Every structure is written in C-alpha cells, then in structure tokens.
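Protein chains: 2
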Amino acid sequence: MEIKAKSIETFLADLASKSATPGGGSVAAVMGAQAAALVSMVCHLTLGKPKYAAVEEQMQALLEQAETLRHSLLAMIKADVEVFDCVMAAYSLAKETEEQKIYRSAAIQDALKAATEVPLACAKACAKAIALSQVAAEKGSITVISDAGVAVMAAYAGLKSAALNVYVNTGNLKDREFAQAKLAELEEVLKGAGLISEEVYQLVKHKL
Amino acid sequence: MEIKAKSIETFLADLASKSATPGGGSVAAVMGAQAAALVSMVCHLTLGKPKYAAVEEQMQALLEQAETLRHSLLAMIKADVEVFDCVMAAYSLAKETEEQKIYRSAAIQDALKAATEVPLACAKACAKAIALSQVAAEKGSITVISDAGVAVMAAYAGLKSAALNVYVNTGNLKDREFAQAKLAELEEVLKGAGLISEEVYQLVKHKL
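Taken in order, these protein sequences are the chains called A and B.
Going letter by letter, the first sequence gives residues 7 to 214 in the numbering used here.
Going letter by letter, the second sequence gives residues 7 to 214 in the numbering used here.
Wrong hints could be hidden among the right ones.
Just so you know, same-sequence chains aren't split out, so a pair can sit in one copy or run between any two.
[Claimed, not checked] Cross-link-like lysine-lysine pairs, in silico, DSBU-like; alpha carbons within 35 Å at most:
| id | residue 1 | residue 2 |
| --- | --- | --- |
| 1 | K180 | K101 |
| 2 | K107 | K12 |
| 3 | K10 | K24 |
| 4 | K145 | K197 |
| 5 | K197 | K213 |
| 6 | K211 | K101 |
Keep in mind the hints are simulated off the structure, nothing from the lab.
Bear in mind that the values here come from a model prediction, so they are computed numbers and not experimental data.
Using the sequences provided together with the hints, build the complete structure.
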C-alpha cells in the first residue's frame, strides 16, 4: 500500500518499526505537506469574508499555490522511500567479479544522485511553504492566524529535515562536482530560512 | 472516523479544507508523534548491534519512553479537535435571557480551560520528544543518525505550534490566575528548547 493511503496510526507505527523505510525523508515531506495544507485552510477561511475583501484575489492566488505545493509534497512522501530502496538495492548487488564490482559501484552512485535530488526538491518545496505561510500570516483572517504560525514551523522543520538527507547522500557521492553543485543549491535554499520562519512566528504570536 | 484512522492523504485534504478542524493543534500532535516514532526507529536499528552493545540497556529504556510518548501524542490528535469543538459548541449556546447568558459564558470559560490544557500537554510531550531525540542523536547507531535529527526538528516544531494554541486560548480566559499559571508552565517548557534543538541538530549534522 502506498504510504499516503495508510492511516496516520499505521504510518506512525511503520515509522517506529525496525524497517528503515519510511524514515526521516518521508517525515520531512509530510511536514511540508501539512504546512501547505494549513496555508490552504487559512485561505479558505479568509476568502469571502467582507472584512478581507481587499485581499480576496491575493488569497485566491495563495490558495492555488498552496494546493499545488501540497500535492507535490504528498508525492514526495513516496519518492523518498523509492530512492532509498534503490540505494539499498544497489548496495546489495553482487560484488564477486571485477565486472560486478564496477557495475555495482556505478549503480550505487546513480542511486545516490537520485537520493540527493529528491530531498533537495523537498527542501525547495518546504522553503516555498515558508514563503506561502508568510503571506498567510500577513494577510489571512485573524481567526485562523495561529494556523499560519503552525504552518511556518512545520515547513521550517521539513526544510531542515530534508537538508539532512541531502547531506547524507552527497557525502557518499564520488562525483564531487555534482555533490558540490547540489550542496550549493541547498545552501541557497537554507539561507535566511531560520530568520524568516522566526519572524513569521513572532508576527503570528503578536497578532494573537 | 477518528483522525488517526484516516489516510495521510485524507487527513491532509481535511486539513486544507474550509473546516476549522482538524487544524494546527492536530498538526502539532502529529509532528510530536512523528518525532517519537523516529526515536523508536533509531532505537530499533541500534539494539542488538555488537558495535552498540554498551548502550543496549539505555536504548531499550529510550525505546520504551518513545513508544509511550508516541501513543500519548497519537491520542492528542483527536483531543485537540474535541476541545476545539467544545469551545465552538459553547459559543453557539443561546444567549437571549440573562440566565442563558450566564450559563453560556460559564460553558465558554470551562471549554477554554480544557482547550488550554490539551495543547499545554502536547507542548510538554513535544519537549519530552526533544529530550529523547537528544539521547538518540548522542547514542544511536550512526546509520540512522539523520532520523534523530529529523525527530528533533519535528518535536521542536510541534512544541512551538502547540504553544500558539495555548496563547490563543488563555487570551480569552477570564480566570487570569489560571491563565497566568498555565502560561508560566508553558514558558518553563519552552525555556531553552530552541537552543537544545539546534544543538542536537548540529550534533547530528557533524556526525553525518
């Protein structure tokens, strides 16, 4: 059964189990998806309210972005498990003959590249969720403003969590040029994210 | 259907919907439960490994604490919705006669007290999850150390998210003595949590 079809209770039990998947990569995507979902909720409960007529168009655009993001992040829950399984499968390839060793090594490196791209995409999506949470916190209805605050914390935790998986997988890459390029992309995404998240959180707290 | 029995996909869709529940309070509990589950996973993948024989007993104790915590936090996903619904139900009581007004006001205040206790308990459970993540990061198997890093980020986000709901509900309480006591408890829980979480995250990052 695909993870997204599992109940929350089963997902948490699977997470806690001896099995290496699902793990932190899926949790990062779930946190990001929760952030996007909360931004959508803030939009839904702001739209159509006379008091917020001035931001109606902006909220509609925000809702569309949040829903697209929620679906992307939902897909990443599964993608993380798939790339991890590929890495494990590559490591368990035969390594008796010289030819097998060469094939196995190449398969591991290919799998690690995919296992770098998925959490990097997740990190970027979470950074986007932080940006959307900021708009929700600034313009959303005061009655659901705390949900924008929860959204930004979930998105930030998702970003930092996804980053760990980028570090893990680039660490084992032999193609250092590729690894450095991906790490540079990640640093760009992380830059200022902590400060912005804290600012959004404080904005929400002061509006309560 | 109880939230924990819903699929992740459905939970996220419900979260994103026009309905005010589930909302940020449930997300806080889910994040805390994910943190506890990841600590359990680190324990499971450390126990029985010859290299980690020295921490076997400590990991066994950590696993028991993490599992208890996971189940407590799982129950809080539902509790958050229940107390929110009680607050809403109290607000919608009749307020025509003087007697009705008095009854309604008392019902709102009672509901708000419960709606303060639930996120405060969630905040305390998330703080406990931070402490357990720290042990997992310090003593757990290096092969799953990144999961301890994800756990601490999820727990911290859960803590800060639950705190927002304590602020919201204490803000509407007339019993200021009760409100101040709960806010003081919360501040005690929050104290140093950000610094410790960042330290645990950096410890994990340097072990990768």
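| request: Could you tell me which of the numbered hints above are not met by this structure, giving the numbers in increasing order? | output: 2
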